Structure formats: C-alpha cells, structure tokens
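Chain by chain, the residues:
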Amino acid sequence: MQDSSLATSPPSILNWPELGVCRVPFQVFTDQALYDLEQERLFRGDVWHWVGLETETPHPGDFKTNSIGETPVLLIRDLQGDMQVFVNRCAHRGARLCIENGGNVKGFTCVYHNWSYDLHGKLIGVAFRNGVNQQGGLPPDFDFAAHHLQRLRVDVVAGLVFATFSQTVAPLRDWLGTRMTQHIERIFSRPIRVLGRYTQYMHNNWKLYVENVKDSYHASLLHLFFTTFKLNRLTQEGAVEVSEGGGHHISWSKMAADESENEVYERERLRANQDDFRLAEPRLLQTWPEFPDGVTHAIQTVFPNLVVQQIQNSLAVRLMVPKGVSECELQWLLFGYAEDTPEQTEMRLMQSNLVGPAGLVSMEDGVVGHLIQQTIARDADQTAVLEMGGRAVESRTSRVSESAIRGFWQAYREVMEL
Amino acid sequence: MIAIEDELQWVRRVEYLMAHYIGCIDQDDLERWPLFFTEDGLYRITSRENVAQNLPAGYWYCRGQGMMQDRIQSLRQANIYEPHVYRHQISGTRCVGQEASGWRFHTNFQVVRTMQSGEMSVFAVGCFHDLIVDDGGTLRFKEKIVICDSSRIDTLLVIPI
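So the protein sequences, as listed, match chains C and D. Offset between the first sequence (1-based) and our numbering: plus 74. Offset between the second sequence (1-based) and our numbering: plus 48.
It should be emphasised that the hints constitute simulated quantities derived from the structure, not laboratory data. Please note that the accuracy of each hint is not assured.
[Unchecked claim] Here are the simulated DMTMM-like cross-link-like pairs (lysine to aspartate or glutamate), alpha carbons at most 20 Å apart as the crow flies:
(1) C/K138 / D/E97
(2) C/K397 / D/D202
(3) D/K190 / C/E355
[What the hints assert, rightly or not] To list a few chain D residues with every Cβ distance to chain C over 12 Å, as calculated:
(4) E55
(5) V59
(6) Y64
(7) L65
(8) D76
(9) Q113
(10) Y129
(11) R142
(12) C143
(13) H154
(14) C175
(15) H177
(16) L179
(17) G185
Quick caveat: nothing in here was measured; it's all calculated off a predicted structure. Backbone N, C-alpha and C define an ideal beta-carbon position, used for all residues, glycine too.
This is chain C alone, in the form it adopts within the complex:
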C-alpha cells in the first residue's frame, strides 16, 4: 500500500538534480505546467509582492493598476488614507474594473453592467437591481456581502506598498528580515520624486532576468562600456549579502574614495582628446556622494521579482512581470528625492543613460535571457551550472559569486515545493 502522505501530495512535475541549487534544470524556464504552478504557489502563495509606491497615490481615491504575476490588481488610497489592494475584476462577470492605469475615483463602477463598489471594495450598487416594472432584477435574497471585490492583505515599508493573497505569510517586515528592511528604509528615507517610467519587453522566461540581476559575476564581462572606455575604478569594499532562506539579496560596493568623483571627471575630460576610446563628454560620470555610509552601488532584490537600484545617483525600482513561459516585461520607475536641486536632478538624468533598455551598462541584460531561451527549448532535462563562489548559499565579500542566484533557487524550491 502507498504511504498516505504520498497519496495526498500532487505528483512532482520536476525532479530537481541531486546536486541541489548549484544546478538549475532548464525545464524551469520552458515548462507551461511549472509556469501555471508559479502563478498559484509563488504569486498567490505565502509571498509578499510589491505593487507600487505610496507617493504615486497621494490623495484619497487616487489609484493605479499593476499586476501580481498574471493577476491584474489595483491599489487605491481610501478615505482614511490607507492603501487598499484589490484584484482588478468585477465580482459580477469578471470584467476588468479600472480600465485606465491610474487616476482618481470616488468609487468603482464596472463599465459592463454598472455594478459599483466603494473604496473598500464593498459592493454598493447593482443596476436594475429591482428590475423594471416589477419584472427581472436580482432575487430578493441576493447577498451583497458575498460579492465584494477580492481584497488582498496590504503592508507598507518606507512607502513601498506590498500585497499578498496569503492569510498566513508573516508580516512584511518579518518576511523581509531586518537587513533587507533597513536597506529599503535607507533608500526611501526621504520623500521621493518620480522622474520617469518605462517598460522593457524581453523574450525569455522571467526567472532568467531574476538570475541576471542577482548575478554579480557577469557585470564586467557582459557589460563592456566601462572597460572599453577605461573607466573601471578600484572598488574598496563590497559584499553580496543573501537573506536567510536565500530569496532576497543585496550586492553593494563602495567605489574608491581616494579621488573625488569630480577629479575623475576632470581627468577624463583632459584625456578626452588624446585617445579614441575615451569619452568625448564624460559629464554623465559626474556624481555626488549622497549616502553617509559611503556605498556607491547597491542592487537589492526582494523575492521573487523586485529590484531596488542605486547605481551612483541613479535610483530606480524595477518589477519583473511574467507574460507567459518565454516572455516577460520589466517595469522601470526612476526616481530622485523631492528635495533635489535642479543640478542634482540633471545629474540623475545624465546617469539615467547608464540604465534601462538603452542603458550603456545594462542594455545587454535585455537580450542575454533570450540567448539562453532560444537554445534550451528541446533540452529541458539539461542543467545550468552555478558553482562560482562555491555551492552553498551564503553571504560573501567577493562579488565573483553566484551565491545570490543559488539563494533564489533555494527559496523558489521551498515556495514551489519542488
């Protein structure tokens, strides 16, 4: 007879290699059944998902839409000033409720049959509820309370709004852990100003981008801008820190402080005319130190698909949204601080040339996932190798390491029960 625990657990759709997280089966990037399981266990499971910034909806009734995995959601500030997050779908027939990406509303009315909801998602009105001339209409015992919008749990840290379908996941700060929470609070310590938004569409499984952003090993090898223009500078200190459980990480460094940024700028300017491979206009390298801890570069990931970026003075939040097994979309939100001077804003705009789909040191990330996706379709049983920096998941001072990627797979296997 079969063990009863085997009988109740679903058959595994993937056998992870015995070597553990230093091997990644290509199947995780190509399998539709796994992708569907992710929508259930990862995006609707015991995981918090970033949905927006409080700054984007400052007044009661302000809303914006987003998605958690493939589920469309809307976040709105209610009359008490609290953030509410709902599935963006009418409880009647399932039509998308907010058609626009953002705006201000007094309540929600579905365009299809005018069912209406208040800012707390409560169903408050049904068109022709009593029919016309005593004909038609809803049954008298129709239960309004059973047809509210689907409401998610919401938690906020330093103005970043997270939501979850889970009733059991730990409160956001506990789930993030102290170190990850502190790092978010470090970047969002002051009121921010949104500088721009765009999205970058990629032809690869969403997790190939997540691996890329946790991969501090590839930076100087794939992105040749700094090397080509001989702009590499000594890094004094840095580390890859992986959270307990492996899901989140911070890769940070401090660029050498033995010469000020403006001296570097001046040196580059003088060299500009002497050598073809020098920047003709190094103004985009002008920076200023804005964090007292001296950290000049910090990439933080929050499991599974959020990135908080500080590359010198270029600050951004990126959200990786899956769009099917082999397609995904990276949403970028660039920001500065409300108190920035016009000169500081200009420097941030100059440095924005380094990031995004046209980023001088990042555009390659848009294509490298596709280079993998196009080769693995018929070799789902083969694996990728992740042994740089060892085989374990641990924090290291060297950034020549794939430890944070292994950490992602550890957390992924846990949540996906693989």
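Given chain C, work out where chain D should sit, using these hints.
The following block gives chain D in isolation, referenced to the frame of chain C:
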C-alpha cells in the same frame, strides 16, 4: 502670424533635413549622426506618457555632440546586441512655432526594425519635437525630443531614432 510662403519654404528645408537625418541612421552612417545637431544640441528619447505627466527621464538623454559621439562609440565598441537595422518612415512635417532661438517643428515617425533573422517589427512610432536653427545656411537640431507613443521598448534601444 508667419507668412505662409515663409513657412512653406522652411517646411521644404526641414523636410530635406529630415530625409538626410533618417537616411544617415538607416544607412548605418551613425558617425555623422551627431553632426545634425548644434554643438550644444539636446537629444532625448522618451515616451508620450512621461511627457504627459511632465516626467523628465526617458531612455536617452544627450547634451551636446560629445555625448552623442560617445553613444555611437559605445554602440560600435562596447555594447552587445543582436545585429539589426532600422527603416524610418516620416510624415506630416509641420511648423508649430517660431521663437528667437529657432523654429519649432513636429514630424511623425515610424521605425521598422529588421533583425538578422529576418524578423521585422514596428519598433517605434511617435513624433519628433524639434527646435531647428539655421547655422550659417545649414539647418541643425538645437533640440530633438523623440516622443514614442508606447512606453515599452522591445529588448533594447541602442541605435538612435
């Protein structure tokens, strides 16, 4: 009011400028691309949504020919991408204003991108918002704001529009 003959003459000259501008990019003669700008010219690529919300950041932000040259140098020497070419279609060149520093023109554009695999796609559609000056008989862009209707870029944006 601008005298209509004056304006039509400017439109003809700007259409000539535009034809050479897009030809330069489509023929991969990118080293000449910065020369279509004044030395201190501003070149930005952004989206309709950012412009509508008055947000200053976009995809490209070049101040001066030097930064434009650096972009091209980087494209040639440093950046890694699948080989591809653009073909621009432009239409509707019209004057929208005249000021002391030059003439304001809008021109619609569409860019079809062809990859080395042969795959073709509409890569970008939008409007050029230009400030054009007469630089000793040659028209040049003092400002060129490329406003894409879509906020989404497929894969990457390495060649100027």
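- Item | Beyond 12 Å from every chain C Cβ - status for D/H177 | It holds; D/H177 is separated from chain C by about 16 Å at its closest Cβ, greater than 12 Å.
- Task: Verify that the Cβ of D/V59 lies farther than 12 Å from every Cβ atom of chain C, and report whether the claim holds or is violated.
- Result: At roughly 31 Å from the nearest Cβ of chain C, D/V59 sits farther out than 12 Å, so the non-interface label holds.
- Confirm or reject the statement that D/D76 sits farther than 12 Å, beta carbon to beta carbon, from all of chain C. The claim stands: D/D76 keeps its Cβ more than 12 Å from every Cβ of chain C (closest is about 18 Å).
- Hey, does D/L65 actually stay past 12 Å from chain C on C-beta? For D/L65, whose nearest Cβ neighbour in chain C is about 23 Å away, the distance exceeds 12 Å, so it holds.
- Take a quick look at D/H154 and tell me if its Cβ sits farther than 12 Å from every Cβ on chain C, holds or violated. holds (21 Å)
- Message: Need the status of pair C/K138, D/E97: alpha-carbon distance at most 20 Å?
- Response: Answer holds: C/K138 to D/E97 is near 14 Å, not above 20 Å.
- Query: For D/E55, which was marked as not at the interface, is the minimum beta-carbon distance to chain C over 12 Å?
  - Reply: holds (33 Å)
- Reported absence of D/L179 from the contact zone with chain C (all CB gaps over 12 Å): holds (18 Å)
- Query: Does D/D202 lie within 20 Å of C/K397 when you go C-alpha to C-alpha?
  - Reply: holds (13 Å)
- Message: Please verify that the nearest CB of chain C lies beyond 12 Å from D/C143's CB.
- Response: Non-interface label on D/C143 holds, nearest chain C Cβ at 28 Å vs cutoff 12 Å.
- Is it correct that the beta-carbon of D/G185 has no partner in chain C closer than or equal to 12 Å? Since the minimum Cβ distance to chain C is about 26 Å, D/G185 lies beyond 12 Å and the statement holds.
- Message: Next pair to validate is D/K190 with C/E355; report whether the Cα-Cα distance is within 20 Å.
- Response: Distance of about 17 Å is within 20 Å: holds.
Figure legend: structure checked against the earlier numbered hints; hints not met, in rising order: 9, 10.
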